[in-house]
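Residue numbers (this note's numbering), protein chains in the order written: chain A, 623 to 942; chain B, 3 to 255; chain C, 1422 to 1711.
Where hints are given, some of them may not hold.
As the list claims (entries may be wrong) - List of simulated lysine to aspartate or glutamate pairs, DMTMM-like, C-alpha gap at most 25 Å: (1) B:Lys171 - A:Glu819; (2) C:Lys1683 - A:Asp765; (3) A:Lys924 - C:Asp1684; (4) A:Lys735 - C:Glu1636; (5) A:Lys924 - B:Glu150; (6) B:Lys173 - B:Asp65; (7) B:Lys173 - B:Glu29; (8) C:Lys1536 - A:Asp905.
To be verified - In silico contact screen, one side only, chain B against chain A (beta carbon under 7 Å); selected entries: (9) Ala78; (10) Phe93; (11) Arg111; (12) Arg119.
No wet-lab data here; the hints were simulated from the structure.
All residues carry an ideal CB built from backbone N, CA and C; glycine is no exception.
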Amino acid sequence: MSKTNSLWTARMGGMALLAAVLALAPLGFANAYYYDVAVGALFNAIICVGLNLLIGYGGQISLGHGAFFALGAYGSAIATSRWGVPSVAAMAASAVLVGLMAFVMARPILRLKGHYLAMATLGIGMIIYIVLKTEAQWTGGPDGMGVDPLSVAGLTLATDRQWYWLSAVLLLLAVWLSLNLVQSPVGRALRAGHGAEIGAQVVGVDTSHYKVLMFVVSAVFASVVGSLFAHKNGFITPDIAGFHRSIELVTMVVLGGMASIFGAVIGAFILTVLPQMLTAFDDYEAMIFGAIMMGTMIFLPKGLLPSLILLIRKRMGGRS
Amino acid sequence: MSLLAVDGLSKEFGGVHAVQDLSFTVEAGTIHSIIGPNGAGKTTLFNLITGIYTPSAGRIVLDGTDIAGKSPSQLARLGMSRTFQNLQIFFNMSAVENVMVGAHLHVDRRFWPSLLRLPSMVRGDRACRDECLRLLDFVGLGHYAEAEAAAMPYGGLKRLEIARALAAKPKLLLLDEPAAGLNATESREIDAVIKKVAGQGVTVVLVEHDMKMVMGISDHILALDYGRKLAEGTPAQVRANADVIAAYLGAHA
Amino acid sequence: MAELLQYLFAGLTSGAIYALAGLGFAIIYNASHVINFAQGEFIMIGGMATATLTAAGIPLPAAILAAMILTMLVGMALEKFAIEPARNADVVTIIIITIGASIFLRGAAQVVWDKEFHALAPFSGETPIRILGATLMPQSLWVFGVSMAAIALLWWFFNRTLFGKAMLATSFNRLAAQLMGIGVKRVLLVSFALSALLGAVGGIVVTPIAFTNYEAGIMLGLKGFSAAVLGGLGNGMGAVVGGLIVGIAEALGAGYVSSAYKDAIAFVIILFVLFFMPNGLFGKKGVDRV
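Make a model of the complete structure from these sequences and hints.
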């Protein structure tokens, strides 16, 4: 019993640390560009926290979550600019629709295993991407479409600084909700299905139910962030649904550390900020980025945070 | 009425009859062992009873309900639980968490209370944890409660599976070779655990090679060979059965 | 009729390329259970190297040979330096490694060459051949003929040569193969070399039709993956059939339904097949043992 509390305290300590980092980071931001990159990192972190529930804890890969992000973005964009729906209502409606869509496709898809699942999610992502690119009368086609800024109860979010604080709070909320889930009977059932599927079933866990649930939860996370991104950016193109976007998200989760909520946050921060730093290398940017991706996964296959924790434990164990 | 009744059960894998026209009953409150040489169809029989395989023919009745074709998780709801010869441990969790998954059907597992960590959910979870710690003590793993399952020794994992199955509060518990791979001392410990479980009113069906254990704790024994029933009866009757001695005991003794 | 034939020609041409790519996925998957997301980049490198070398005045046969060798070396380097060190990693981890490799190779292509489109002259002129009212470009014959020849050669290699059989044996049972003295490391290396070579061949014959640039491999790679999954992972002939099905379906769909949705067709087929046959058309059924 003391252990639940101590584990919980450790997680809460992690959250406090994250909150402190988010609160203090702006002290080092020299101009609006820093805020802009930081908001991008926070957005990705929120998606990855959700995606990690599916990939890291549930053991189910998805190479199509960029599409859910894009559907949220386009849902908000179309509802606000074409039909004049208030932005928060549009965001909620998009999230509900994306959640329903994910629910409908989840059951047949999640029957598949390993690379077949990877292929199916990739396929769904590609189809959604191509639809967004082709149905120009709705989406503006490959040229994209403009989106109004986010306004809540008459207040309009205008500056990058405001966006920063909003998304920082949302990230903390996302982390808190995910921690709750992981340490609940729902999270245990999910992890059990990943650890030994039949072992979970014989004690009454309907494993496919939990996979479907996390597929929907992670899709909703992506959709909500997609809506925010659309309003923040003011302009969206179908590329946000592309294969690259989906791969980028999975890479963030795996690089940070699967089945580690704070790992996903770290992975998202690093992979968002890194390309900004690599632009100095011009033509060599992609090469260096690819090499870093390969190198990290070869030398730290468990991901950054779990490898780091293991290292610290070893050090401490050695001393005591 | 018997707790479990198997009637005319058969399973074929591409022309091979793993289990053939098998009928037997298990009375509530007894320890029922299934013995037979390797390949006699014992594990297949377990997989049929627990819903992992679908029978080619025959009926399986648990407490009056025909359960052939039901999924393992549905069967768990009807009061059946099991352990595995090849372990099915959640290696991504701690020992006590493994057992807590076993209690899945008996805790509040609604999505929204879990997501929001409502106080009622936290209380229920804490009670479940205490209960599972007691179960770990019961199988003699109290000191491993917080250990990662991946770091536990083989003998401990066998008992961890029993604790997990017990957390599901089954009426019928199926144990697939609980003593396989254990040394003599560990086997005797498992022995004692099984007796304690049965003493609490849980009906136990056991597949086991350790004859000393089988003869010592069983109320009833079913001997299989080539997927068919070879003999059935009390340990004394089975021990004296000529067919059994020829097919099985003779080869060992 | 002429229209249908025209679409079939187009479908068989692109289908042959998908088949080669799919076969590349299958060979590596068999040897290592790795899905190599850099397979498309092999195609790109083959095409880019040939196009730029001929543009620099090197005769076509020499350029082709050089491109094939280069791609093979890239494939072997990928295995040696990225896959082998991560042998025991998770499936997802290895997927990320090969995706990292594909980004790296695209970046390298950008540095070595550029971001422009490159053309390659058709191997035997541009006079269309007329068959029953449909026209067929000579290069399409090259694509189809060379692809089928490569596939036949591979079939011979895997079924008739000792080393080929040893490679197949490794895919069925790694431990048994090791006990029989088959060098698993060498099998891995050869499988990457072969897959890279197949990719290069595909890239070389298709470039006169489609142009090429550093990103040309992305879509081809994904279609090849679709072909391999459609046929059932690890089934070489399945991948070939899968590739042809995807190519023909795409051409027919683009012709009769909607050309804008051409690229979506492969994915619609694959989803449809996977929903009803979770292991592809010719895949083995996986069984959980407990």
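Hint consistency between Lys173 (chain B) and Glu29 (chain B) [alpha-carbon to alpha-carbon, up to 25 Å]:
It holds: about 11 Å lies between the C-alpha atoms, which stays within 25 Å.
Would the hint linking Lys1536 (chain C) and Asp905 (chain A) be met if the CA-CA limit is 25 Å?
10 Å, holds
Does Asp65 (chain B) lie within 25 Å of Lys173 (chain B) when you go C-alpha to C-alpha?
Holds: Lys173 (chain B) and Asp65 (chain B) sit about 9 Å apart, inside 25 Å.
Classify the hint on Ala78 (chain B) as holds or violated, based on whether any CB of chain A lies nearer than 7 Å to its CB.
With a closest approach of 3 Å, the Ala78 (chain B) hint holds.
Take the shortest C-beta to C-beta distance between Arg119 (chain B) and chain A; is it under 7 Å?
4 Å, holds
Classify the hint on Arg111 (chain B) as holds or violated, based on whether any CB of chain A lies nearer than 7 Å to its CB.
Because about 4 Å separates Arg111 (chain B) from the closest Cβ in chain A, which is inside the 7 Å limit, the hint holds.
Given the hint that Lys735 (chain A) pairs with Glu1636 (chain C), test it: the Cα-Cα distance must not exceed 25 Å.
With a Cα-Cα distance of about 29 Å, the restraint between Lys735 (chain A) and Glu1636 (chain C) is violated, given a limit of 25 Å.
Tell me if the interface restraint on Phe93 (chain B) is satisfied: Cβ within less than 7 Å of some Cβ in chain A.
6 Å, holds
Need the status of pair Lys924 (chain A), Asp1684 (chain C): alpha-carbon distance at most 25 Å?
With Cα atoms ~35 Å apart, Lys924 (chain A) and Asp1684 (chain C) exceed 25 Å; violated.
Agreement of Lys171 (chain B) and Glu819 (chain A) with the hint, judged by alpha carbon distance not exceeding 25 Å
Distance ~20 Å between Lys171 (chain B) and Glu819 (chain A) Cα, so the pair holds.
Within a Cα-Cα threshold of 25 Å, do Lys924 (chain A) and Glu150 (chain B) meet the stated pairing?
Roughly 17 Å separates the two Cα atoms, so the pair holds.
Is the straight-line distance between the alpha-carbon of Lys1683 (chain C) and that of Asp765 (chain A) 25 Å or less?
Satisfied, since the Cα-Cα distance of roughly 19 Å is no more than 25 Å.
In terms of the numbered hints stated before, the structure departs from hints 3, 4, listed from lowest to highest.
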